[in-house]
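J.: Below, each chain spelled out in residue letters.
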Amino acid sequence: MLNLENLSKSFRGGSFGSGAVPAVRQVSFSIAPGEVTSLIGESGSGKSTIGKMILRLLPVSSGRITFDGVDVASLEGSALKEYYRKVQGVFQDPFSSFNPVFRADRIFRMLEREYFGDLGAREWSAKLHTSLEAVGLNPADVLGKFAHELSGGQLQRLLVARALLLDIEILVADEVISMLDASTRVDVLNLLAGLKERGLGVLFITHDLSLGHYISEHTVILRRGVVLEIGETAKVFGNPQHSYTKMLLASVPRLHSHWEPLEPGEPARTGPRDAPRGRGRRARGQPLEPVPLLVEVEPGHLVAFEDGGTATAGDER
Amino acid sequence: MSLDVQNLVVAYRTLRGDVRAVDDVSFSVADGEIMGLAGESGCGKSTLGNSLVRLDRTMRCLGGRALLDGTELPLSDWDAMDDFRFKKVSLVPQYSMSALNPTRRIGKMISEVVRSRKIRYKDVLPELERRLRLVGLPTDVLAKYPIELSGGMKQRVVMVLTTLLDPSLLVADEVTSALDVSTQRAVGGMLVELRDMGIVTSTIVITHDLSVLVQVADSVVVMYAGKLVERAPTATVVDAPRHPYTKLLIASLPEVGVRYAEHVLAGIPGHPPSLLDPPKGCRFADRCPLASAECAVEPPLVELESGHFVACWKAS
Ligand SMILES: Nc1ncnc2c1ncn2[C@@H]1O[C@H](COP(=O)(O)OP(=O)(O)OP(=O)(O)O)[C@@H](O)[C@H]1O
Ligand SMILES: Nc1ncnc2c1ncn2[C@@H]1O[C@H](COP(=O)(O)OP(=O)(O)O)[C@@H](O)[C@H]1O
Ligand code: SF4
Ligand SMILES: [Mg+2]
Ligand SMILES: [Mg+2]
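Residue numbers (our numbering), protein chains in the order written: chain A, 118 to 434; chain B, 467 to 782.
Bear in mind the hints are in silico, worked out from the structure with no lab data behind them.
Hints may contain errors.
As the list claims (entries may be wrong) - One-sided excerpt, in silico: chain B residues whose CB lies under 10 Å from chain A:
#, residue
1, Val-647
2, Asp-705
3, Leu-715
Cβ atoms here follow ideal geometry from the backbone N, Cα and C, with glycine treated the same way.
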């Protein structure tokens with residue numbers, strides 16, 4: 118079980134020198150084995166930052182992440198190596214994870230050296246083949262090939278196969294399907310859904326509510342680093358309470374209906390005007406809005422207070 | 467008839483031989499029409515779009531022709547295309563949003579582009595500013611660097627620049643693909659607005675995401691392995707597709723409301739064939755659940771109903 122407790126992350130002001138940039142603010146949720154948890158929000162909302170903190174690619178600013186009760190920030194040396202044996206990530210752009218100069222299966226050899234040095238060649242090969250087959254790859258199709266000879270879907274599967282080699286318990290999947298075309302998307306989605314049936318906990322990061330709804334048990338809606346709605350997917354999706362969740366839902370392009378106006382009077386086709394890059398970033402001088410309180414609107418479904426009132430199950434209708 | 471493409475063949479010269487990425491494709495796009503172009507990765511969508519603008523010198527037009535407002539586009543003549551590129555036909559290339567030069571302010575970048583077309587920046591600036599405001603962008607984006615803009619803002623800037631000279635044809639290649647859903651909506655809306663305001667006459671929108679086409683396109687062309695396999699009004703393609711490939715493509719979409727626990731969506735098994743040496747007969751045969759002996763001969767594109775074209779032996 119992976120727990121996020123009041124997790125926050127601020128970046129130094131960087132190129133604009135405007136002080137600390139709060140990218141993630143007091144986020145708490147957990148990722149349980151055998152379940153998919155979707156982390157949903159627009160670009161810049163802090164999703165990848167959370168994923169990177171879980172994978173210890175970024176230090177946390179405050180709050181903590183615990184894995185089976187142990188603070189992940191405290192892990193070092195062999196304990197950290199053990200953590201990575203159990204917690205792995207796969208990212209958006211499969212092409213950037215492969216070095217074009219080497220054959221794609223080099224990612225496995227690096228793992229072999231690191232974790233399976235004492236395994237015989239035949240055992241290693243058997244293990245590798247099992248893992249490739251588990252993600253629906255024919256070893257003969259992919260081994261020995263260069264990245265440019267493989268499709269995006271095949272590369273993405275190779276990365277999942279590498280994670281599976283380690284008998285992982287938690288997989289962080291950050292926008293893993295946004296670069297893939299529709300038919301390949303479904304294959305990778307089904308692959309992730311299959312993992313939970315094998316007992317893995319998956320953090321599925323996406324901006325598309327319908328994808329999250331398809332495979333996840335729990336949903337976390339994030340805006341500007343803050344959780345606005347959280348709970349069982351069927352409830353968040355079937356009975357969305359926060360206006361932001363509703364906006365995200367209304368923006369998903371659908372096959373059998375057109376985008377509906379977001380507000381009465383607004384022309385149907387125009388979307389919301391978006392804020393400058395880094396929606397997490399507040400304009401200089403503008404006060405930071407407080408992190409809203411989450412209120413339980415039904416069992417297993419929490420929603421943030423909105424301006425001008427509480428979001429309760431009755432209010433919004 | 468704004469754009470009329472007839473028997474177009476486009477190939478890339480490679481060391482291993484010609485890759486015929488667009489192979490004998492014909493269609494037309496009417497004035498005011500937004501045509502979507504869909505299909506899996508590698509089926510030739512970008513090649514088709516790029517060939518109408520001739521942006522890539524490695525591609526060769528091996529046959530067929532394209533008429534724009536009755537004038538034949540000199541597709542095989544790089545220099546002659548210069549009279550049309552950006553002025554009459556304009557392209558937003560795939561990935562262009564992430565290809566913006568990070569060291570140039572937006573305004574400077576635009577002035578370089580128009581100057582390379584022998585146009586003075588000063589002359590177009592008032593119209594440029596008007597267009598930016600029209601699509602909901604503040605004119606001070608001109609003073610900003612690409613990194614200071616969100617993905618959706620960058621994409622809109624690129625689209626304003628591409629359509630500045632009111633082209634007869636706009637080719638928009640995957641302009642919504644790298645964006646989150648709410649920004650997709652804004653950019654999709656802009657494609658429709660450019661058409662509604664008469665800035666762009668005809669549009670080809672390329673995307674692998676059929677549900678985006680439902681929002682913006684009047685008609686859809688589905689390509690498979692360099693061939694046009696189905697063409698119809700958007701609603702027909704989605705609600706009554708006749709080509710097995712189109713049907714499988716639609717069935718693979720995770721629609722809002724579908725859950726894995728209740729209904730496992732199916733992908734399309736297998737891969738598109740290599741275009742270096744494509745199979746004889748129907749190119750979809752090795753993945754098609756309906757394939758039979760007659761499919762060893764290539765099916766012609768047939769108009770089943772007015773405006774609904776399908777290339778499949780089993781469709782009629
Ligand atoms: N410069 C090139 N040289 C050789 N072959 C190429 C070149 N560009 C594309 N191809 C090949 O031409 C075919 C069609 O590619 P194209 O980029 O048109 O596909 P697409 O439908 O736009 O795919 P995507 O959805 O991935 O953008 C592919 O087989 C591709 O490998
Ligand atoms: N290394 C970094 N330095 C400074 N700011 C960053 C860095 N990484 C992300 N941010 C900022 O943090 C916020 C959240 O970013 P990110 O986690 O990438 O969002 P998402 O994955 O939801 O698109 C954004 O405002 C982004 O600009
Ligand atoms: S022609 Fe044959 S193989 Fe091709 S799509 Fe039709 S039924 Fe399938
Ligand atoms: Mg991200
Ligand atoms: Mg393309």
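J.: Failing hints, ascending?
T.: No numbers; nothing is violated.
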